[in-house]
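S.K.: Below are the chains, spelled out letter by letter.
Protein chains: 2
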Amino acid sequence: MQERKIKLVFSYRGTAYHGFQRQRVLPSVQGEMEKVLKRLVGHEVSLAVSGRTDAGVHARYQTAHFITTCGIPGERFVQAMNTFLPDDIVVLESKEMPFDFHARYDVVEKTYRYRILNQRQSDPFLLDRAYWVRVPLRIEQMRAAAEHFIGTHDFTSFCSVRTHVDSKVRTIYEIRIDVEERDPYVKGQGQDIWLTFRGSGFLYNMVRMLTGALLEVGKGRWTPEYVKDMLASKSPSVRKVNVPPQGLYLWDVKYKE
Amino acid sequence: MQERKIKLVFSYRGTAYHGFQRQRVLPSVQGEMEKVLKRLVGHEVSLAVSGRTDAGVHARYQTAHFITTCGIPGERFVQAMNTFLPDDIVVLESKEMPFDFHARYDVVEKTYRYRILNQRQSDPFLLDRAYWVRVPLRIEQMRAAAEHFIGTHDFTSFCSVRTHVDSKVRTIYEIRIDVEERDPYVKGQGQDIWLTFRGSGFLYNMVRMLTGALLEVGKGRWTPEYVKDMLASKSPSVRKVNVPPQGLYLWDVKYKE
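Residue numbers (UniProt numbering), protein chains in the order written: chain A, 1 to 257; chain B, 1 to 257.
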């Protein structure tokens with residue numbers, strides 16, 4: 001049988017899963033998708049993804065590929081998979097690709113967004129999808145600190161100590177901080193803050209640790225200069241601040257043409 | 001001890017509850033709130049609400065009152081209750097009121113909104129908070145049909161047969177249909193449609209049955225004139241179309257000054 005390569009684009013709400021990666025027992029996004037694919041194509045399938053996401057992290061536009069010998073037309077996988085997938089995973093696009101396409105190695109740009117609910121009271125509708133910060137944030141200071149991350153840097157100070165890669169050099173093209181006023185009619189409603197990180201790629205926990213550092217600045221605990229020095233120190237043992245997964249979204253993955 | 005009347009304004013996500021109303025065994029919003037209040041004030045508390053909501057229905061701005069002999073200042077209940085309430089119920093305001101205030105009888109206007117996700121694929125982030133309709137909707141036809149509901153009418157044809165009230169006459173001030181384009185970058189993403197109903201009050205299941213009728217029009221199955229005739233027939237046995245609870249939000253409750 002002819003082997004073909006199929007690319008999938010999909011969204012998921014990470015709340016119910018122990019991350020993207022297949023687990024022996026615990027539910028995972030990859031596990032659910034491979035189970036459905038096996039049923040459709042009649043053989044074991046292994047998904048190659050653009051990059052894993054941690055437990056509780058969401059994806060708006062994740063990309064993966066798989067190899068199959070089945071005859072199902074590439075674009076048919078959208079409806080076929082959505083029929084069997086749980087409601088919190090939705091396939092948006094499927095397409096047969098040239099055999100030299102690779103969902104991980106061909107990535108040229110990734111965008112992550114981190115959502116912060118900044119107001120005195122919580123919001124029952126944003127529980128699993130934003131990080132609630134009660135104290136007011138100094139947005140201009142956060143923007144000043146974010147400037148130091150733009151460009152090509154060694155991000156050793158801003159990734160998990162469990163990061164095992166050859167190089168911790170990455171390029172960040174843009175960090176944008178958008179502030180939206182929430183429903184001003186409802187008392188205690190404040191701001192919906194979205195941090196957008198666009199770069200060549202990100203290390204393990206890097207977006208959450210950059211966000212953690214920017215939040216320390218926003219709270220007035222760290223200065224933008226302190227963050228600049230942290231970056232320059234390239235130290236794995238520098239004090240890192242992580243933020244919870246429910247605010248993080250893999251927003252977009254771009255490939256070379 | 002002096003009896004005082006405290007007004008509460010609160011939001012809840014209805015997904016985990018069998019409606020607002022206290023149940024003997026099943027979880028309810030009222031049950032959770034009364035349990036927390038009892039703990040705070042040291043006596044049994046009974047909440048009088050602006051109106052019940054069904055299982056799975058949400059509230060952005062629900063209002064209730066209770067009577068207490070405790071000495072806690074009225075505005076302190078916000079933080080005190082939020083400390084003990086589950087995450088999907090949040091108190092936004094609390095205030096001591098004159099003793100003649102009543103959270104149900106003094107209502108002069110209510111607003112409900114119904115959210116429809118109108119696109120080919122589902123969205124994992126709107127599962128419990130919108131009704132997914134795949135087929136394209138004829139919005140202008142829906143707006144034409146909605147016009148017939150505006151004003152003072154007997155809504156016998158658009159409420160549950162289990163509605164036990166003296167009069168089924170209600171006044172609708174406004175029905176607005178807002179259409180927002182969703183993320184056009186993501187394939188298969190369509191429209192976020194919000195139906196807003198503002199009126200003197202609504203009968204049991206009335207907003208959902210009005211929405212159901214408007215959706216039949218939007219799908220081209222009913223004409224606006226058919227809906228007009230349904231209303232005029234004032235018949236409890238007319239064919240009604242209900243829509244699921246997860247799209248419905250009690251949006252606002254207004255009181256006489």
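In case anyone wonders, no lab produced these hints; they're calculated from the structure. Cβ coordinates follow ideal geometry from the N, Cα and C atoms, glycine included. Don't take each hint at face value.
[Unchecked claim] Just a few of them, taken from the derived set where beta-carbon distance is under 7 Å, the chain B residues facing chain A: (1) 69; (2) 84; (3) 87; (4) 121; (5) 124.
S.K.: Determine for every hint whether it applies to the structure shown.
M.R.: Hints, verified against the model:
no.	hint	in the structure
1	69	violated, 26 Å
2	84	violated, 13 Å
3	87	holds, 5 Å
4	121	holds, 5 Å
5	124	holds, 4 Å
Hint compliance for this structure: hints 1 and 2 are not met, and every other hint is.
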